[in-house]
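Residue numbers (the working numbering), protein chains in the order written: chain D, 24 to 265; chain C, 24 to 265; chain A, 24 to 265; chain H, 24 to 265; chain E, 24 to 265; chain Y, 24 to 265.
Hints in this document: simulated from the structure, not taken from any laboratory. Some hints here could point you the wrong way.
All copies of an identical chain are treated as equivalent in the list; a pair is satisfied when it fits inside any one copy or across any two copies.
Derived DSSO-like pairs (lysine-lysine); straight-line CA-CA distance at most 27 Å [unchecked claim]:
{"no.": "1", "residue 1": "Lys43", "residue 2": "Lys151"}
{"no.": "2", "residue 1": "Lys244", "residue 2": "Lys255"}
{"no.": "3", "residue 1": "Lys151", "residue 2": "Lys195"}
{"no.": "4", "residue 1": "Lys244", "residue 2": "Lys151"}
{"no.": "5", "residue 1": "Lys195", "residue 2": "Lys43"}
{"no.": "6", "residue 1": "Lys43", "residue 2": "Lys244"}
{"no.": "7", "residue 1": "Lys255", "residue 2": "Lys151"}
{"no.": "8", "residue 1": "Lys195", "residue 2": "Lys254"}
{"no.": "9", "residue 1": "Lys43", "residue 2": "Lys255"}
{"no.": "10", "residue 1": "Lys254", "residue 2": "Lys43"}
{"no.": "11", "residue 1": "Lys244", "residue 2": "Lys254"}
{"no.": "12", "residue 1": "Lys244", "residue 2": "Lys195"}
There are 6 protein chains.
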Amino acid sequence: MRILVVNVNTTESITEAIAKQARAVASPGTEIVGLTPFFGAESVEGNFESYLAAIAVMDRVMAYDQPFDAVIQAGYGEHGREGLQELLNVPVVDITEAAASTAMFLGHAYSVVTTLDRTVPLIEDRLKLAGLYQRCASVRASGMAVLELEEDPLRAMEAIVRQAELAISEDKAEVICLGCGGMAGLDEQIRYRTGVPVVDGVTSAVTIAEGLVRLGLSTSKIRTYATPRPKKVIGWPGKFGH
Amino acid sequence: MRILVVNVNTTESITEAIAKQARAVASPGTEIVGLTPFFGAESVEGNFESYLAAIAVMDRVMAYDQPFDAVIQAGYGEHGREGLQELLNVPVVDITEAAASTAMFLGHAYSVVTTLDRTVPLIEDRLKLAGLYQRCASVRASGMAVLELEEDPLRAMEAIVRQAELAISEDKAEVICLGCGGMAGLDEQIRYRTGVPVVDGVTSAVTIAEGLVRLGLSTSKIRTYATPRPKKVIGWPGKFGH
Amino acid sequence: MRILVVNVNTTESITEAIAKQARAVASPGTEIVGLTPFFGAESVEGNFESYLAAIAVMDRVMAYDQPFDAVIQAGYGEHGREGLQELLNVPVVDITEAAASTAMFLGHAYSVVTTLDRTVPLIEDRLKLAGLYQRCASVRASGMAVLELEEDPLRAMEAIVRQAELAISEDKAEVICLGCGGMAGLDEQIRYRTGVPVVDGVTSAVTIAEGLVRLGLSTSKIRTYATPRPKKVIGWPGKFGH
Amino acid sequence: MRILVVNVNTTESITEAIAKQARAVASPGTEIVGLTPFFGAESVEGNFESYLAAIAVMDRVMAYDQPFDAVIQAGYGEHGREGLQELLNVPVVDITEAAASTAMFLGHAYSVVTTLDRTVPLIEDRLKLAGLYQRCASVRASGMAVLELEEDPLRAMEAIVRQAELAISEDKAEVICLGCGGMAGLDEQIRYRTGVPVVDGVTSAVTIAEGLVRLGLSTSKIRTYATPRPKKVIGWPGKFGH
Amino acid sequence: MRILVVNVNTTESITEAIAKQARAVASPGTEIVGLTPFFGAESVEGNFESYLAAIAVMDRVMAYDQPFDAVIQAGYGEHGREGLQELLNVPVVDITEAAASTAMFLGHAYSVVTTLDRTVPLIEDRLKLAGLYQRCASVRASGMAVLELEEDPLRAMEAIVRQAELAISEDKAEVICLGCGGMAGLDEQIRYRTGVPVVDGVTSAVTIAEGLVRLGLSTSKIRTYATPRPKKVIGWPGKFGH
Amino acid sequence: MRILVVNVNTTESITEAIAKQARAVASPGTEIVGLTPFFGAESVEGNFESYLAAIAVMDRVMAYDQPFDAVIQAGYGEHGREGLQELLNVPVVDITEAAASTAMFLGHAYSVVTTLDRTVPLIEDRLKLAGLYQRCASVRASGMAVLELEEDPLRAMEAIVRQAELAISEDKAEVICLGCGGMAGLDEQIRYRTGVPVVDGVTSAVTIAEGLVRLGLSTSKIRTYATPRPKKVIGWPGKFGH
């Protein structure tokens with residue numbers, strides 16, 4: 024089984040970190056392919072960048088020329104999963120939804136700890152549309168930008184732990200979701216520090232994607248995610264960005 | 024006052040029809056500028072096309088080199104309004120929201136009649152996120168594709184009237200919203216046929232955009248729609264599609 | 024175009040202030056007529072007074088003997104709009120809904136700052152019924168009674184600014200609505216103090232009412248707001264209060 | 024214990040029928056006093072009439088010069104209960120809420136069968152605000168006007184039974200509420216015809232009001248229903264209608 | 024009329040206290056029978072114990088060999104009411120729902136003050152399913168275990184009053200519900216201390232059960248609460264626990 | 024890895040069928056142990072039986088004397104998962120939630136097709152509490168009792184397909200969940216007949232349980248699902264049923 028794990032930003036080191044995390048939990052026989060978009064922002068922290076990432080992720084996946092069994096979109100709160108579902112016949116798993124869905128098997132309420140405050144409404148909106156928000160106790164910002172997670176991992180850890188602790192004591196969260204693809208790998212330590220299960224979007228997406236493939240299930244093509252109708256599309260694919 | 028009215032597809036004749044509608048209700052002194060994206064689909068009827076349109080609309084607006092006072096995104100149920108709000112300092116009005124918001128001043132419940140069934144979930148989702156869905160009685164598909172509205176206006180009219188009548192009798196709608204930028208100009212006749220107020224997204228967006236400008240109000244830049252942070256963005260703007 | 028702006032209380036100076044605000048944003052050619060009810064309370068700050076105002080406003084509008092094109096009910100959170108919609112064939116705009124509807128074009132979430140704590144549940148309930156509550160971050164009371172707004176404008180300003188600031192920092196509001204007809208004219212200063220868009224109900228209602236008239240739209244008479252059936256009504260109109 | 028049962032319309036025969044129903048279930052020692060408003064419509068079937076009734080009911084209760092222990096507002100879907108709660112220190116029970124609250128102890132979902140279609144949205148809105156709508160399967164109109172219930176009881180019965188049956192088979196109601204004070208006395212027969220519990224608003228309100236009095240409970244005066252502040256009120260009480 | 028009041032735990036002294044409370048408000052002619060389950064936990068403070076109580080309460084009621092007119096399940100937030108409704112033809116009233124339903128006649132919002140924090144989600148979930156949560160301002164834990172209420176009534180009182188005060192000032196509750204069968208009898212004092220109506224589940228359930236019996240109403244057997252189908256059941260009734 | 028798959032009824036042949044299904048999708052190295060409760064009903068189709076099953080499942084799992092890594096509760100819409108989560112330190116997956124959670128990765132809306140109409144409200148309520156109901160288009164009953172699924176598989180298939188087709192055409196479902204543990208094995212054929220993804224609860228629960236174990240995640244013990252406090256419990260465990 025081959026699973027594409029697509030970063031939403033253009034920073035290669037994050038793609039590598041994500042792919043490494045994914046491989047750590049993948050079953051024997053599952054190949055993880057990390058992909059970086061050809062265009063877009065070096066980090067995604069808002070609507071403009073997220074919409075651009077949506078197209079960039081679709082573009083990158085469509086440009087991949089080998090067969091694959093599932094795609095993981097590794098952006099937290101990002102747009103675009105629905106478009107990929109239309110374009111592909113294999114399952115598409117978004118890490119925002121994977122993490123929330125997993126957290127709901129583990130506790131009565133979960134919180135998300137993410138990067139900057141400005142991304143909080145995006146994540147909330149994506150969870151609301153996905154029908155996964157009812158048991159969300161809160162989405163909290165650590166105040167760390169995506170790229171700062173790599174640059175200053177110690178400070179990042181402290182900032183995330185602090186918000187996780189507030190989510191538990193104030194918002195009554197029983198599970199914490201790490202709300203950024205770039206937080207991959209921090210789950211163990213935060214679990215240790217807070218005493219509650221910590222869900223990482225990338226690794227939980229891997230187990231879900233593998234599960235769907237094993238069950239022989241893929242996106243329903245009957246209505247919302249039907250293949251796009253044949254029509255004239257200017258500038259797509261392959262016409263921009265690379 | 025200058026208002027940009029941006030089509031979400033690349034079909035020039037629709038841009039012209041939309042702009043004409045907008046001009047018909049614009050106040051004296053308001054200049055309406057119709058814009059067609061440089062890339063994207065000839066009609067937008069699904070998520071892939073809608074995400075592409077989101078970027079294409081932003082791209083087209085950013086490429087406009089004259090001053091302007093407001094932007095109307097003339098796609099029904101389309102993505103992207105939030106990105107424009109981040110990029111601009113003038114008000115951005117989406118016709119989906121303009122129509123719903125206007126309809127709510129006119130009756131207890133409204134329905135939307137749109138084009139193809141596959142676009143219904145997109146419209147519902149946009150209305151839900153916008154917080155305008157509670158009084159939506161239904162979103163109904165006429166079964167007419169966007170381009171068929173132009174090609175066969177008579178059949179389109181009948182199909183829309185039929186769904187409007189069902190919305191009124193079955194779903195208890197008291198107001199009908201025309202759920203496609205390409206339906207601009209049909210409102211009078213449908214109002215006559217059904218006996219209820221019919222709201223066109225483009226014209227209602229013009230009055231709302233003008234109102235916001237006159238009130239001196241624009242997008243709050245404090246959190247969700249703050250200007251994107253300065254960062255390296257590959258392939259934007261002006262790097263693709265034109 | 025003539026628009027009636029009806030105060031909900033019997034204090035003439037508030038009617039004048041409201042009408043002045045309305046005129047400041049009205050289009051050339053729009054005549055604003057300020058009306059004061061013949062009966063009711065000098066200020067409306069609760070359910071009993073609000074229900075009385077509902078009838079008093081209907082009574083006052085029905086007693087107006089010139090033609091008019093739209094009515095604005097200038098009470099924040101007040102009852103009665105639905106009754107007026109039944110009695111009239113022109114659009115009726117309530118300032119509570121006008122402000123919320125306008126705020127939703129400007130930011131992801133809005134808060135209302137109103138007068139006394141006891142009016143908060145009324146405003147919340149009206150917004151809930153209107154289907155405009157989902158994106159309401161909070162309704163906050165300044166603790167200033169309606170008549171104190173006129174008597175001690177400086178203290179009022181400080182109290183409103185303080186609650187607006189809390190709404191922004193604590194409740195994550197991105198837009199502030201001034202939750203009392205008597206706050207007309209404070210918006211500029213509060214916007215300056217808080218850095219976010221501030222929406223005044225009266226002025227936003229004027230642009231919406233003008234827009235509806237220009238679009239040729241009025242209340243749907245098909246169900247909820249159908250003209251009252253002919254029947255024996257004792258004590259109305261003109262039989263009480265004047 | 025003395026309970027005032029206040030009709031919302033000015034038709035004396037309905038007041039009598041309501042009071043008779045109330046007496047049939049009242050405990051020994053409970054005195055039921057039927058009151059008819061001094062002004063208002065002969066039947067209440069819409070918002071204008073309902074708002075007028077709200078004031079007329081308050082007026083009538085305030086004019087009652089004997090002590091009493093509770094008030095029942097006998098209008099289905101009518102406005103005004105909140106105003107009475109502010110004015111009084113004894114419990115106020117609205118029959119719409121009494122019926123729904125009672126029905127929820129009897130089945131998983133309930134439906135309301137009422138008079139004219141135009142009153143359906145009023146009832147739904149009152150139930151929504153009361154927080155009693157979640158388990159409401161539907162509100163259905165029999166098509167019979169309030170006064171027709173008295174004039175043509177046989178046809179009324181058939182029309183109500185038919186809608187009750189549809190509510191059970193289509194909407195999955197397990198309990199039926201009679202949605203009009205004027206339907207008092209029909210419950211036994213409809214229960215017999217449909218095989219499900221049928222709740223009458225007036226009789227259920229009597230048991231609830233008696234219960235509150237026996238428990239020594241009355242309206243909280245701490246916030247929403249605090250006594251109106253002392254202020255100048257023109258035209259109230261006793262200044263209009265009688 | 025005979026009403027069974029069934030404790031959910033096996034502590035006899037609590038059964039006695041509950042029955043005593045119930046008798047204090049029962050009408051003349053109503054006999055209150057207090058029942059203690061044959062098996063289960065000495066106090067119920069979590070899901071395992073609550074599910075066990077559900078079965079134990081059904082078992083105890085089915086083992087009662089005299090006729091009775093209604094059953095009150097005297098556990099706050101406990102499971103099982105639906106099962107009893109299937110097994111019986113008389114009304115079943117759960118004190119969680121009785122208290123909430125009663126509180127909603129008394130104020131705009133109510134809070135529940137219960138025992139341990141771990142029971143809060145159970146109570147919230149039961150209220151949500153019952154459709155009685157919308158006007159719930161909060162469920163707050165006093166931190167007192169069920170059996171501590173008896174052992175240290177003074178400390179219990181202080182802890183409950185403190186949370187009630189916070190519910191009023193922070194959460195805007197206007198009515199307090201005592202969220203534990205074992206708090207029976209504390210209502211008067213807490214009402215005195217907080218100045219708001221205080222609703223006890225057991226006593227309010229008595230008035231509701233009596234009311235249903237007087238109205239001749241019982242559980243609808245048409246769908247959700249139909250009598251269990253005849254089938255082989257191993258270990259029930261009378262096969263376990265006694 | 025060893026996963027216990029616990030039937031909720033006492034019919035051994037269903038346990039075997041479920042276990043067989045589970046084994047068909049389990050990873051190499053995963054041992055599936057099918058367990059049948061010692062007491063309870065031969066099929067579970069209502070609240071009484073479901074509550075009994077809740078206890079019987081807990082009892083059966085606690086009586087299992089070998090180590091295990093996860094538990095699957097194989098009843099659709101059944102009570103009890105929360106109790107197991109308190110008692111155990113390994114993940115507990117309920118098939119109702121597993122199916123819904125999986126379906127939400129595959130389409131915009133899903134429907135459940137279950138056995139008898141009386142079980143529909145139970146399933147809806149469980150999905151609502153689980154926060155998985157928002158994207159549920161409908162829960163439909165095939166009219167086949169649990170044991171009839173085995174006795175007359177051909178008729179069962181037709182009845183299920185018919186409701187699945189209605190769910191797709193009327194309710195706009197894009198995915199079908201098989202709403203009964205006893206339907207295990209029918210998914211392939213129904214997928215073939217309807218053209219949409221069909222999710223079986225048992226097999227999807229296996230992939231989810233395996234995923235949680237691989238991720239090293241288990242139930243949060245911090246609040247709702249904390250281990251029961253040590254206390255006197257009469258009749259548990261081992262005191263009844265076996």
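Cross-check of the supplied hints:
no., hint, in the structure
1, Lys43 / Lys151, "neither (30 Å within a copy, 37 Å between copies)"
2, Lys244 / Lys255, "within (21 Å within a copy, 37 Å between copies)"
3, Lys151 / Lys195, "both (19 Å within a copy, 17 Å between copies)"
4, Lys244 / Lys151, "both (22 Å within a copy, 23 Å between copies)"
5, Lys195 / Lys43, "neither (32 Å within a copy, 36 Å between copies)"
6, Lys43 / Lys244, "neither (32 Å within a copy, 30 Å between copies)"
7, Lys255 / Lys151, "neither (33 Å within a copy, 30 Å between copies)"
8, Lys195 / Lys254, "between (50 Å within a copy, 25 Å between copies)"
9, Lys43 / Lys255, "between (39 Å within a copy, 25 Å between copies)"
10, Lys254 / Lys43, "between (39 Å within a copy, 26 Å between copies)"
11, Lys244 / Lys254, "within (18 Å within a copy, 38 Å between copies)"
12, Lys244 / Lys195, "between (39 Å within a copy, 12 Å between copies)"
Violated hints for the displayed structure, listed by number in ascending order: 1, 5, 6 and 7.
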